[in-house]
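Engineer: Protein chains in written order, with our numbering: chain A, 1 to 462; chain B, 1 to 307.
Keep in mind that the hints were calculated from the coordinates and are not lab data. Model, not experiment: these values are computed from the prediction. Just so it is clear, CB atoms sit at the ideal spot from N, CA and C, and this is done for glycine as well. Please note that a few of the clues may not be correct.
As the list claims (entries may be wrong) - Only pairs whose alpha carbons sit at most 30 Å apart, straight line, appear in this in silico DSS-like list of lysine-lysine:
#, chain 1, residue 1, chain 2, residue 2
1, B, K154, A, K208
2, A, K112, B, K63
3, A, K301, B, K138
4, B, K71, A, K246
5, A, K459, B, K71
6, A, K262, B, K154
To be verified - So, partial list: chain B residues that the calculated Cβ filter (under 7 Å) puts toward chain A:
#, residue
7, L58
8, V142
9, S161
10, L163
11, G252
12, V254
13, F269
14, Y271
Said to hold, decoys possible - The calculated label-pair distances, taken between Cβ atoms and stated as ranges, are:
#, chain 1, residue 1, chain 2, residue 2, range
15, B, T29, A, G244, 53 to 59 Å
16, A, K311, B, I155, 25 to 31 Å
17, B, C35, A, H74, 36 to 42 Å
18, B, A243, A, F42, 55 to 61 Å
19, A, S149, B, F41, 50 to 56 Å
Okay, here's what each chain looks like letter by letter:
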Amino acid sequence: MRSNRLMKLISLRGASLVEVQKQKEFEFRSIFRSLINRESKFFLIALLIFMFSVNLASAVEIKVWRFGGILAEHSWEKKKITEWNNQNPDVKVVWSNQDWATKREKVISSFKARQLPDILVMDGPSIPDFVRLGVIQALDDVDSNMVGSWKNRFVPEIWNTTIYKGKFYAIPTYVDVTTFLTYNKEFVKTPPTTWSELKNMAKDLKGKSNKIPVVIAATKGTNDVNLWEGIAYGNGCRWLNEKGDKVVINDRGCVDALQLYKDLVTGGLTEDNPQEIDYYKAIVLLLEESAIMSQSMSWLKAIDSEVKGSKNPDYSLTVFPKNSNPTGSYPSANVIMAPTSAGMLTSQSKNVKAAMKFLNFFASQNFQAGWDGDPIPGRVPATKANWASPDVVKVYPDLVKLYNKGTLFKGALPMPAFPGLVQMETYMGEALQSVVMGQQDVQSALDRVAAKSQRVLDKVSN
Amino acid sequence: MSKSSNMAVSAIHRRGFSSRRALYGYAWTLPAVLCVIFFIFYPVFESARLSMTDQSLLAMETKYVGLETYKDMLTSEEFQVAFKNSVIWLIFGTLGVFVCGFLIGFFLHLDFIGSRLLTALVLLPWVIPDFVAATAWKWLTVGEFGIVSFYLEKIGFPEPSLLASSTYVLPTLILLVIWRITPLMSILVRASLESVPPEYYEAAEVDGATAWQRFIYITIPTIRYPLVIGTLLTSLFVLREFAVVWVTTQGGPVNYSEILPTFIYRQGFMYFETGPAAASSMIYFFFILTFALLYLFSFRKVWKELL
Numbered sequence: 001m002r003s004n005r006l007m008k009l010i011s012l013r014g015a016s017l018v019e020v021q022k023q024k025e026f027e028f029r030s031i032f033r034s035l036i037n038r039e040s041k042f043f044l045i046a047l048l049i050f051m052f053s054v055n056l057a058s059a060v061e062i063k064v065w066r067f068g069g070i071l072a073e074h075s076w077e078k079k080k081i082t083e084w085n086n087q088n089p090d091v092k093v094v095w096s097n098q099d100w101a102t103k104r105e106k107v108i109s110s111f112k113a114r115q116l117p118d119i120l121v122m123d124g125p126s127i128p129d130f131v132r133l134g135v136i137q138a139l140d141d142v143d144s145n146m147v148g149s150w151k152n153r154f155v156p157e158i159w160n161t162t163i164y165k166g167k168f169y170a171i172p173t174y175v176d177v178t179t180f181l182t183y184n185k186e187f188v189k190t191p192p193t194t195w196s197e198l199k200n201m202a203k204d205l206k207g208k209s210n211k212i213p214v215v216i217a218a219t220k221g222t223n224d225v226n227l228w229e230g231i232a233y234g235n236g237c238r239w240l241n242e243k244g245d246k247v248v249i250n251d252r253g254c255v256d257a258l259q260l261y262k263d264l265v266t267g268g269l270t271e272d273n274p275q276e277i278d279y280y281k282a283i284v285l286l287l288e289e290s291a292i293m294s295q296s297m298s299w300l301k302a303i304d305s306e307v308k309g310s311k312n313p314d315y316s317l318t319v320f321p322k323n324s325n326p327t328g329s330y331p332s333a334n335v336i337m338a339p340t341s342a343g344m345l346t347s348q349s350k351n352v353k354a355a356m357k358f359l360n361f362f363a364s365q366n367f368q369a370g371w372d373g374d375p376i377p378g379r380v381p382a383t384k385a386n387w388a389s390p391d392v393v394k395v396y397p398d399l400v401k402l403y404n405k406g407t408l409f410k411g412a413l414p415m416p417a418f419p420g421l422v423q424m425e426t427y428m429g430e431a432l433q434s435v436v437m438g439q440q441d442v443q444s445a446l447d448r449v450a451a452k453s454q455r456v457l458d459k460v461s462n
Numbered sequence: 001m002s003k004s005s006n007m008a009v010s011a012i013h014r015r016g017f018s019s020r021r022a023l024y025g026y027a028w029t030l031p032a033v034l035c036v037i038f039f040i041f042y043p044v045f046e047s048a049r050l051s052m053t054d055q056s057l058l059a060m061e062t063k064y065v066g067l068e069t070y071k072d073m074l075t076s077e078e079f080q081v082a083f084k085n086s087v088i089w090l091i092f093g094t095l096g097v098f099v100c101g102f103l104i105g106f107f108l109h110l111d112f113i114g115s116r117l118l119t120a121l122v123l124l125p126w127v128i129p130d131f132v133a134a135t136a137w138k139w140l141t142v143g144e145f146g147i148v149s150f151y152l153e154k155i156g157f158p159e160p161s162l163l164a165s166s167t168y169v170l171p172t173l174i175l176l177v178i179w180r181i182t183p184l185m186s187i188l189v190r191a192s193l194e195s196v197p198p199e200y201y202e203a204a205e206v207d208g209a210t211a212w213q214r215f216i217y218i219t220i221p222t223i224r225y226p227l228v229i230g231t232l233l234t235s236l237f238v239l240r241e242f243a244v245v246w247v248t249t250q251g252g253p254v255n256y257s258e259i260l261p262t263f264i265y266r267q268g269f270m271y272f273e274t275g276p277a278a279a280s281s282m283i284y285f286f287f288i289l290t291f292a293l294l295y296l297f298s299f300r301k302v303w304k305e306l307l
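Working from the sequences, and respecting the hints, build out all of it.
Structural biologist: Right, dumping it as C-alpha cells:
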C-alpha cells in the first residue's frame, strides 16, 4: 500500500514535471509565433532591404598587406593612402603593415585558407615561389596596356627584376643592392677596390687600432647569404647553369668567394665570431665605431636613421671590392639587386579592376616620389624621375654619379630567385658558418651544398 | 486505471523524461567534443595522411609513397642531428627543471619573512613571454655586445660567445629553458609540501627520526604523486619549446642547436615541404607518446596506489 502511494506520488511528480515542460514548450511556440506576426514580417523585410541597399551603395574595398619597411616608408604610405581614399570614394584601400620575419608563413597560410588580400607588397625574390604556388597573377595578363604605360617610368634593369618567365608580376618602389663596403672615412681615405687591397688594408688597420678591421656577416639569415652572393656573383659565381637545371654553386668562382671569408677569419682581420653577427649587428658595430669597415647593402642609410647610436662616424659606401681576376665560369656581376617592396596582385582578389586601378596609382610618380631620398632615405629608387631628384644626390652622391654615367646598373643582375631557393640558401648559410668556424674546408662545404640543392631543384622541377 | 498500468505510465514518463535529460547532456557536451575532433583528432589524422605523401607545395604533383618519406627523414643527417639534440634537450632539460624546481620549492616552503614575496618573484621567468626572454638572453650572450660574454671573457672562459659556440650553444639554450620552466615545478613542489600533514612529522620526531629520515620516509612518499605528474608535465613543456631556439639561433650555428620543433617548422613553413614535415611531426608525436607511456609505466606502482 505504502509503496503504491509512493509510486503514485512519484508518477504524479513525474507527470507534473512533464506538464511543466509541456507548458514551457507551448509558451515558447507562442512567443515564436508572435515574432513572426504580420507587423514583425514587414519590419524584417524592411530591415533586409535597408542592409542590402547599404551594401550596394558602399565602396569597393581593396585590402593591401605591406610586409616590412621602415618608419619613414610607413608614414609616407599612410599619407598617400589617405590621399587616395579621399580622392577615390568608390575604391577604398585598407592598408595594413605586416611582420617581415613571418611573411612566407603568413602568405601561405592565408592562401590555403583563401584569405589573401587583393594586393601584396613584398620582395621580388618571393615571386618564383608564389607563381609556382598560384598565389599571384601576372599583371600584364590582367591589363597589358596599363602595364605598358608604366614601363618607361622605371629604370629598365630594375623593371626587369620583377619579370619571371617573360611575365611582369610586381611594381617595384626601390631595390636593395648588394654588396657594398661601408667604411669609416677617418681611417680609410681611399677604399679598396680589389680583394688583395682589402686584405692588405685590413692587416694594416689591425696593427694600428683595436677596432675590427672589417666585419663580415655570417649567420644563416637570408640577408647574410645575399651579402655573400653579391661578392660571389662579382667573381663569376652562379647558383644555376644557363639552362637552370643544374646547381653550380661549387664552381671555382664561388669557392674563391668563400675562401675570401675564410682568409679574413684565419687572418684575424674580422670579428671573433662572424657566425653570430648578422647584417644588422655588422652595421651597428661600424656605427658604434667598434669596426672600421663592414659589408652592407644599400639600405644602410635607412638603418642609420633608426639605429641612432651614441657615436656619429663619418662614413661612406662603395661597391664591395672585386677579385682582380674573376675566377668563375660566368660574367662578373657589378652588383646584384632585388626589389624588397613591390606591389603584386593576388590570385584571390575579388576586385581585380579596382585593385588594378590602385596599382596604377602605386606605379605613378605621385606615389613613388617618396623614395627619392626624402622623406625615405637609404633606398635605391626604381623610377627615373627619382634619380633626377636633388634629394637622392644627398643620400647617394657616388651612386648618382655612376647612374648619370650609365655605369651603375651596367653589369647589375637581379638577385637569385627561383623555386626552392630558400631551402638552398639555408644550406648555403650552414656552409658559410661551418667554413668560418673552421669545421669544413671550402670546396667540401660547397660540394655538399651543391648536392643537397640539386635534390631540391630536381624535386621542384618535376 | 489499474495499479500496474499507472506504474507503467509513470515508468514511461520517467524514462521519457530522463532520456530528454540525457539528450540535453549530450547537447551541452557536443561543442567540446567537436572541438576535440576538429582541433586534435582531425589534424593528427590529416598529418598522418600527409606524411604518407611526398608533397611539396612547390612541386607540380604529389604522390602517395607510403613509408618512403619516413625512411627519407630517418636516414637524413639533418633529421638525425635534430633528433639527437631533442633527446639531449629532453633529458637534461627535465632533469635540470626537476632538481632546481625541487630545491627552490623546498626552500620556499620554509617559513621565513618574505617567502611569499619571493614566491611571486620566482614566477617571473614563467610569466615573461618566451620570445622576450629569448631575445634578452640573446643580447646578454652575444659576443661583441653581451654582458655575460664580457664577464666570461674576463674570467678566461674558452668560448665566451656562448651562442656562437658549437660546444656551448645547446647547453646555454637548455639552461634558458630550465630557467623558464623551473618556476612551474617549484610552485608545484611548494604546494605539495604544504599538503603534508604536520602530525606525521610530529609523530616521527617523537619516534626519534632525524631530519633526513623524515624527509626520506615521510616527505618524499607523501608528495610523490604530484612529483610524478609535475615531472611529466615539465618534460612535455621542455619538449614543446620552439621560440627559445628560433629567436636565438634558428638552430645554428650550422645545426648545433637544431631540435625537432625547429626542424619541422623549417621544413613545412620555409621550404614548403609539407609531406616530409608531416612525417617528421608524426615521428616526434610517437617519440613523445612513447616517452610518456614508458614514464607512466615506470611509475605504475604510484598509479595503482592512487587508484
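Engineer: None of the hints should be skipped; say for each whether it holds.
Structural biologist: Hints and how they fare:
1. B:K154 - A:K208: With Cα atoms ~23 Å apart, K154 (chain B) and K208 (chain A) stay inside 30 Å; holds.
2. A:K112 - B:K63: Distance ~19 Å between K112 (chain A) and K63 (chain B) Cα, so the pair holds.
3. A:K301 - B:K138: holds (26 Å)
4. B:K71 - A:K246: holds (26 Å)
5. A:K459 - B:K71: Satisfied, since the Cα-Cα distance of roughly 17 Å is no more than 30 Å.
6. A:K262 - B:K154: holds (27 Å)
7. L58: holds (4 Å)
8. V142: Result: holds, 6 Å to nearest chain A Cβ.
9. S161: holds (4 Å)
10. L163: holds (6 Å)
11. G252: This hint holds: G252 (chain B) lies near chain A, its Cβ roughly 5 Å from the closest one there, short of 7 Å.
12. V254: At about 5 Å, which falls below the 7 Å cut-off, the nearest Cβ of chain A leaves the hint on V254 (chain B) intact, so it holds.
13. F269: Interface hint status for F269 (chain B): holds (5 Å vs cutoff 7 Å).
14. Y271: holds (4 Å)
15. B:T29 - A:G244: 53 to 59 Å: About 57 Å separates the Cβ atoms of T29 (chain B) and G244 (chain A), which means 53 to 59 Å holds.
16. A:K311 - B:I155: 25 to 31 Å: Check passed, 29 Å falls within 25 to 31 Å.
17. B:C35 - A:H74: 36 to 42 Å: holds (38 Å)
18. B:A243 - A:F42: 55 to 61 Å: Holds: the Cβ-Cβ distance is about 57 Å, inside 55 to 61 Å.
19. A:S149 - B:F41: 50 to 56 Å: holds (54 Å)
The earlier numbered hints are all upheld by this structure, with none contradicted.
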